Amino acid sequence: MQGTQPDIRMPPPPPGLSQVKREAERAKLSEIDRSMRVAGLLFVLSAVVWLMVGTVFALIASYKMHNPEYLAQFEWLTFGRVRSAHLNTMIFGWGNNAIFCVALWLMARLSRSQVRHGGFLVLAGILWNMGVTIGVTGILSGEMTSVEWLEMPMEVAPILALSYAMIGVWGIVTFSHRQTGHVYVSQWYILAAIFWFPWLYTVAQVMILFVPARGVVQPITNWWFAHNVLGLWLTPVSLASAYYLIPKVLGRPVYSYYLSVIGFWALALFYNWAGIHHLIGGPIPIWLQSAGTVASVMMTIPVIVVAINHHMTVIGSFGTVWQSPTLRFVVFGAMSYTAVSLIGSAMALREVNVVTHFTHFTVGHAHHGVYAFFTMIMFGSIYFILPRLIRRNWPSAGLISIHFWSCALGITGYVVALSIGGWIQGLEMNNAEIPFMTVVRNTVPWLTARTIFGILITVGHSAFFIHLVWMLLPERFRRVPSSYDSFGADPIA
Amino acid sequence: MKNLPTLFLGIFFALAFSWTGLILSSHLFLGDLKSTTATLDEQGNPVEGDPLYPLKLSGIAREGKQVYIDQGCVYCHSQQIRTKGYGADFERGWGERQTVARDYIYQERVMLGTMRTGPDLANVGTRLSSVQWHMQHLYEPQITSPGSIMPPYSYLFEVREIGSRPSPNAVSIPFDSPYAPPEGWEVVPTPRAEALVAYLLSLRVDYELPEMKFSEDD
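Residue numbers (this note's numbering), protein chains in the order written: chain P, 532 to 1024; chain S, 52 to 269.
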């Protein structure tokens, strides 16, 4: 593959804008980028370090699933703990740090408003990462709660809540200082996400851990929370980023304003009811399960609407998409969003759920969402944002290619392997003629395949990590002169 | 979009709506379920003198549940039996009836689970009631279930030289097993392993509730 030049086709300058005005605009944007420089860099670096740590946990957990004797003498690394440490590092370490950078930067750019008192953000970021460190250590050392997506010991919750508040408020303050009349679709998504996440987190912490609700109200709250972390936190920020970057890099407006409006409200309305589909067949009232199924099916509306909107924006420019590292990741992510959401809606139907529930199919599906969609979009966003924050270009097109291909192929293989393996597992489990041990044995080849694809993904992450470190090294270590527009891109636009 | 109040109200009500509909309502609906007898008298009250279900955990089983929680058994084992005809929970012998909300009211932390890498454990205490079996299995699943992918929890056991006489609670492992301790040594469960097994044995859905009777075999 050739032509991995970053974003060579920036949008043309708005027609009719005089040279002077254009210069003023550039100066303004560059000011905004500067105001986020330290905090943004801190978030990106923390995110990528957590990504690497989480990858190591993932490999250990994955390997243990087909070789249970591996590292079995270490209680800290027993399967239940290491897979939870993996999940929590990835969501709260990698995911949230990436979101903090991407969401705040987008908000500042779109509001044409600087991030005031960035030092405060840096402090909050340090606090957040301390919280995650304590939490993950707690999981490994045996203070795990075994509540899915909330495994960190509950003492960590106040630290995370406080630092989150300090970060989230910044998004709102930045927005309230906006210099633009029109509020773009990305801003709606970010505002909503900033507001939804703490609500979900607080309710879940309180109702499950601090003052536990009675009986099955706990799992109901649990899945309302866990599914919505994906739906109302990771998803809106990813969509916000896609809505910004696709038109930005292609230099053309989003296809339809009205589709964006419908997509946003349909997501807001339906997604947050859908989580109950994780409890289909369980000891909860039937009408709750039906609500989860109906909402999951209704999710096809926002998904298809967003898919059409993005597709119509991109159509005819696939060549550019391919050449822009940012868009390659973002479009991969956007396409995965469509696929994973439609599969998810199908999985909420009772006839399908009876096969997929309780199997590795669901694990594959979760990675389809959090990785192929969310993480890929975050990669693309970081490729776009970081050069603008620190005024340096990515030194190597080759490393970006390795990153993209390893991750794209790796996650595709991962999802396919677990989907097939999980489906077979489900069918066999529902047939009581087949002894349970046979069901278990038949999953092993697929679990082994998962590890292999996981190694491929690890190669991609390592390339990304090395690239990032390289980019931050002093100029003499970088092959490419550090002028940020050495590829012809305007880093500020 | 220019109409910010609409945006903010929409954002707020979207989540408030689902929170009310899913969580608050189920809290109101299920939050004060009480233990009861298998059948009710004419007035719909528990029958006087009959045992009340579900039971609360005994002290040692509670400690065992803590081990279950901090080891993360829930990531491979569910504790919920689905209705007969939906999946094969009943046919596999995982339980004689579907579990319902009332079964979980005394669980300070509900371990419903969403994975069945291993079998459902809601009723494991009736199915597998031998302490020795569980001890062997936890120490090294390959002893009881060759080919299992369940991790060994050997660190919950102590391998030590036999003293003046063998410990009464030593795990019996066949001599020819590759997992047997060297001669003159024995495998003894730590208090955590003892508690965990007590918890596993306490997992029983061997009672009926007014709203859920045992399913019929056919």
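It is worth saying that the hints were derived from the structure and are not from the lab. In this text the structure is predicted, and so the values were computed from the model without any measurement. Note that the Cβ used here is the ideal one computed from N, Cα and C, for glycine as well. Misleading hints may appear alongside valid ones.
As the list claims (entries may be wrong) - Just a few of them, taken from the derived set where beta-carbon distance is under 10 Å, the chain S residues facing chain P:
| hint | residue |
| --- | --- |
| 1 | LEU73 |
| 2 | ASP83 |
| 3 | VAL98 |
Here's how the hints hold up against the structure:
no.	hint	verdict
1	LEU73	5 Å, holds
2	ASP83	7 Å, holds
3	VAL98	23 Å, violated
Of the hints listed earlier, the one the structure fails to meet is number 3.
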